[in-house]
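Construct the entire structure; sequences and hints are all you get.
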Amino acid sequence: MKLIKITLAILLCVATFHAIAKEEKKEPPPLNPAYYGEHPMVLLNQGASIYATNLPAYNFPNNVQVVYKVENPGVAFLSLVRDSDLVTIQPNKFNIERLMRGEELEVKADVYSGHYAQGGSLLLSDAPIVFSKKLYSRALSDLTPSSQWQEYDMIPVSNDGRIYIHKIQQRPSFSHLIYIDLTSACMQKFRTSKRVPPASELTIKFVNCGSLKPLYYDTKNLE
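When the letters of the sequence shown are read in order and numbered with mature numbering (1 follows the signal peptide of the UniProt record, and there is no 0), they come out as residues -21 to -1, 1 to 202.
Hints in this document: simulated from the structure, not taken from any laboratory.
Be aware that one or more of the hints could be misleading.
Unchecked claim - Just the calculated beta-carbon pair ranges, DEER-fashion:
(1) Arg61 to Asp121: 34 to 44 Å
(2) Val54 to Pro8: 39 to 49 Å
(3) Pro9 to Arg170: 17 to 27 Å
(4) Val175 to Leu103: 26 to 36 Å
(5) Asp121 to Arg80: 31 to 41 Å
(6) Asn200 to Asp105: 22 to 32 Å
(7) Ser163 to Leu10: 36 to 46 Å
To be verified - PhoX-like mimics (lysine-lysine), calculated; alpha carbons at most 20 Å apart, straight line:
(8) Lys168 to Lys146
(9) Lys146 to Lys173
(10) Lys48 to Lys192
Backbone N, C-alpha and C fix where the C-beta goes; we use that ideal spot for every residue, glycine too.
Structure, rendered in C-alpha cells:
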C-alpha cells in the first residue's frame, strides 16, 4: 500500500511538471501585421562584435528603438563595419515585432557605406544579416516632452562594457548611442545646453565614465 502511494505521488508530480512545462511553451500571440515594412538600420562595431540599431521615427511602424547583436559572418564583414564612419542596411521587408519579442531572425539586406537614402555607396547586395540576440527594445509611446534633461538606458554587453542609449522624447529629439568601458559610474540623466545638443556635448557628458567610443548620433525624423 505504501509503495502504491509513493508511485501515485511520483506520477502526480510528473503530470504536474508536464502541465507546467506545456503552459510555459504557449505560443506567443500572432504578430501584428502592421509592423511589417521597411526597417532600415545602422551597423555598429565594438571589438569583434557587431550590433544593429534601427532608424527610429515617430510614425508607425518605425516608432520603436531596437538594439540587437548581429552574428559576425567573418573578418571581411567586421572590417567593413569597423573601418567605415557609417554603415547602414536596407533589409528586405520584415516584421520588426519579431525583434521586439527577442526572436533570432535572418533577413537579406543591401549594405551601404554611408546613409542608404542619402547618397551612400552600395557595398553588398542581399547580404544575409542574422539578428542573433536582443539587447534592447522600447516602443516610442507615452513619450516625455522634449526637454534639456536627457535620460539614457544602459545596455550591458560585456563584463565592463556598456552601451548607453538615449531615450527619445517628443519632437524635437535625437537618437544617440555610445559605448563605455566602465571604470566609474555614469550619470544616466543630465541637463544639456539645448533640447537637441550636438554630439560633441553628449560625448563630454560621458568622458569621466571610462574609455568610450561614440557609436551613432542622428536627428533625422526626430526634429
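Evaluate the given range 39 to 49 Å for the C-beta pair formed by valine 54 and proline 8. holds, 41 Å
Please work out if lysine 168 and lysine 146 have their alpha carbons no farther apart than 20 Å. Since the Cα atoms of lysine 168 and lysine 146 sit roughly 10 Å apart, the hinted pair holds (cutoff 20 Å).
Whether the CB-CB distance between asparagine 200 and aspartate 105 falls inside 22 to 32 Å: holds, 26 Å
Pairwise beta carbon distance, arginine 61 to aspartate 121, judged against the given window 34 to 44 Å: Given range 34 to 44 Å: holds, Cβ gap about 37 Å.
Take a look at whether the Cβ-Cβ distance between proline 9 and arginine 170 falls inside 17 to 27 Å. violated, 43 Å
Verify the proposed pairing of lysine 146 with lysine 173, using a straight-line Cα cut of 20 Å. holds, 16 Å
Against the 20 Å threshold, does the CA-CA distance of lysine 48 and lysine 192 hold or violate the hint? holds, 17 Å
That 36 to 46 Å hint for serine 163 and leucine 10 (C-beta), does it hold up? Roughly 42 Å apart at Cβ, these two residues keep to the hinted range, so it holds.
Holds or violated: 26 to 36 Å for the Cβ distance of valine 175 and leucine 103? For leucine 103 against valine 175, whose Cβ atoms are near 33 Å apart, the range 26 to 36 Å holds.
Tell me if the beta carbons of aspartate 121 and arginine 80 are separated by a distance inside 31 to 41 Å. Violated, since aspartate 121 and arginine 80 (Cβ atoms, about 20 Å apart) do not stay within the stated range.
The earlier numbered hints that this structure contradicts are 3, 5.
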